[in-house]
Amino acid sequence: MADPAASQQLFDLWKRQLEEGAQAWTRLLGQQAPQAPPLDPAAFWRPVLNEGLETWARLFAQTPASPELLSQWKQFLDQWIEAWSRALGQAMGTEQFAKLINQQLDAMLAAQAPGRTMFDQQVEQMLQTFNLPSRAQLTGVAKQIVELEDRIERLEDKLGAVLRRLEAREPR
Amino acid sequence: MGQERFADVVERFTSGYASAAASAAEAPPETVRQWREELERNLGRLRNLHALLTSPEPRTGQTPREEIYRKNKSRLYRYASARTHRTPLLFVPNLGISRPYIFDLLPNGSFIEYMTRQGFDFYLLDWGVFGPEDNDLTVEHCVTRILPRVAREVLRSSGAPELSVLGYCMGAPVSASFVASHPEVPVRNFIDMAGPIDFTKVGLFGLWLAKDHFNVDRFVDTLGAIPADLVRAGFKLIKPTMDLSAGLGLWWNSWNDKYVEGFQALSKWANEYVAFPGEFFRQWVRDFYQENKLYRGELVMGGRRVDLQRITCPVFVVGAREDYIAPPECVRALVDAVGSRDREYVELPGGHISLIAGRGAAVHCWPKVSGWLASRS
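Chains as they are written, first to last, in numbering that gives the first Met the number 0: chain A, 0 to 171; chain B, 0 to 376.
Careful: at least some of the hints might be erroneous.
[Said to hold, decoys possible] Derived lysine to any residue pairs resembling SDA-like cross-links, with alpha carbons at most 20 Å apart: (1) A:73 to B:41; (2) B:70 to B:131; (3) A:98 to B:205; (4) B:235 to B:96; (5) B:210 to A:101; (6) B:72 to A:145; (7) B:70 to B:98; (8) A:142 to B:204; (9) B:235 to A:87; (10) B:70 to A:145; (11) B:238 to B:206; (12) B:292 to B:328; (13) B:267 to B:241; (14) B:235 to B:257; (15) A:98 to B:328; (16) A:157 to A:138; (17) A:142 to B:235; (18) B:235 to A:83.
Calculated from the structure, these hints are not laboratory results.
Looking at chain B on its own, in the form it has when it is part of the complex:
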């Protein structure tokens, strides 16, 4: 009975349709295939969006590693590798803002995993998450106290006579300051990935933090540290449509299991902002953003002038075409500022993060960096 009634509905449905399109020809198989695909995708979307809401956060940072040094909140990790290249690589990321597990986000989608598979003895400096007790930490302290010690630990642990240094984002100007002011440290190669050097070309942040508008002293004196929520607000403001386009991208691609897994991991990272120690922020904004001292050769750290011309090792600079945090022109400036004969600049597709993390990075960036470094390690 139920079946007959249901069949009646179907019959009426199709009869109604047939009367309106009686003259219609047979549907092209391509359209039917497209509809089928779309239906499948929508089912996948529902399934994955449900999983996104209910499943636990994905495990990030799975490449095996060993802590070889710690100082206050900072940790130095060594990642397991076949070590086919003699010179170890020290990776210096940004301090504050975000956590460094973005470089080892998920298996088969991790910069660190890629580099270790290429046989590099890989060391990651995790600056850590700072508290109010660290508010006196300065950029100078990082350059003159932490980085030399970390470099020594890398050499000790690897047993190599030299090391390569790779600075990413803020880690690039900080480590460039270290390499330029510590000629006694045997640095074989230096790589700057999306690290601003000429702060007159640094885009919106440069404008907002300019001396004419932004009183960094008042800011630090009042707040002590720069809280994570304020860091988040600054980064959200620089690209206000980011969350909207990310949400749209998620809805569109949510049928794809791999995409959803990557989104979940990336989203976890992107919402985990890290505060700046107060004095670090003061020096960072004043000396780098407001006075451009590094590029102008006026930066003095630990009584030593930081002269980029004193970087004479091979230098590789990587800019990202759509980077609005460190636009390519402010990154590129390093190539002309160093004293090296072997120097190269490449501009790759992607933004500040997608330059080094994600599918695009695996295609465009990682092989370039690995290839350049392999022939010099």
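Okay, chain A solo, but in the shape it has when bound:
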């Protein structure tokens, strides 16, 4: 926790920065429009700003605010999440939860299965009407290719074994 003296130094720093910033803005505005009177784009919200700055000044002077507060807040959130994680872990690690979640999955499957079958049949019929291959037919072709690849590989293996045996027999 910081004492009010820390905040004093901070506000001195801010004051200096604000003043330097204000001077820089004035110079900039002066360069862009030397003939026109200097603009004050913040005029309409200045009363609100003044009020807010004063409130903050009072608050900082009266409370021991420091960046450590943020660390403490982060630690608190971490612990809070960890506590929830443990509690949920315990709840999910029970037979009742396992039963419940699987009942939900079963219900989902039971609800999905008829709709899925009907959808697949309709899509298939539609594709047939347009003389297009269905998903099942394409999957079948892909499976055949995978199978062919596997067979070729087995043949390669056998051929390799035969060649190795022949090479071993050949006199040098």
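Using the hints, position chain B against chain A.
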């Protein structure tokens, strides 16, 4: 004029403050420094969060590699290395669930890059992303058809007489089944990283997938394959607060450019779930989760009984202390199940992913694995 008005505001501001804290002493420089740091961090947070929303996804998997074998969706990659160790290393990750570029996420934060820099001739088996045409693929097919071929390709490509096998996550029980049932394949070393072996100790997934509650046949018969969204739902459910703590972590660390880059890459990977082929899922759940056949020595693949006692090469088992997918006790079981004389188990800090990916892994895990393997390769 504008300057005077602004100065007035500042004056009133500081006067108001000074009246309330007139007796205050000088602020300690430490507090001022802390405030300055905090302001800087907040600016950094704004900048990086904006970049996170607008910049393209980071490039992952940048370590140079060459495809040396492909079978259907699966690919075998060889990574360039100085090759100071004679025995090549075959890395077998999980099939389905996620993509393997997590092991080569970003330069200077990649397990693969680290191992190649240590001089290992590194081979990665990428199982691939399966479609409906692959629904008949089984664990048995992977163990008896794909892995023996891949091992042969590694030996052919490296010209070495033996190879080491490293299985991660599901890749560990699958490759352990392969090593145990294929004594003719010259495996010099076997490493299990976060791979469950005794499925009676596998935690929440073990409970949810138990035979009493979960009807795997009904599931596969209805859906055909296990869609990526369902895989995502399962993994989100096992740690429901994960996204919240990740979001909080991002906000807190978003001032740090490196953290944000890592988060972006990790987030890309973590949201890219991969479906399970139906028959693979059926056999995986029934034989491993529900009946624990591998650990009980009842698994038969390609007509051969898978007996873990037949693994006699040096075995290194790595468990992660905070792993809730493969808790350390179910991983550790391999050490007592194998027939090797040279066997070792280590339990390292981290979770299922952070064991092998990230800054912690670079400190705790990678040097351990590399050190163990180097003296045996």
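Tested hints:
1. A:73 to B:41: The hint holds at about 14 Å.
2. B:70 to B:131: Holds - the C-alpha atoms of residue 131 (chain B) and residue 70 (chain B) are around 16 Å apart, at most 20 Å.
3. A:98 to B:205: holds (13 Å)
4. B:235 to B:96: holds (12 Å)
5. B:210 to A:101: Answer holds: residue 210 (chain B) to residue 101 (chain A) is near 11 Å, not above 20 Å.
6. B:72 to A:145: Between residue 72 (chain B) and residue 145 (chain A) the Cα gap is close to 9 Å, so the pair holds against 20 Å.
7. B:70 to B:98: holds (17 Å)
8. A:142 to B:204: violated (31 Å)
9. B:235 to A:87: Roughly 12 Å between the alpha carbons, so the hint for residue 235 (chain B) and residue 87 (chain A) holds.
10. B:70 to A:145: holds (8 Å)
11. B:238 to B:206: Judged against 20 Å, a Cα distance of about 15 Å means the pair holds.
12. B:292 to B:328: holds (17 Å)
13. B:267 to B:241: Roughly 15 Å between the alpha carbons, so the hint for residue 267 (chain B) and residue 241 (chain B) holds.
14. B:235 to B:257: Violated, because 26 Å separates the two Cα atoms, which is more than 20 Å.
15. A:98 to B:328: Cα-Cα ~25 Å, so violated.
16. A:157 to A:138: violated (29 Å)
17. A:142 to B:235: violated (32 Å)
18. B:235 to A:83: holds (15 Å)
Hint compliance for this structure: hints 8, 14, 15, 16 and 17 are not met, and every other hint is.
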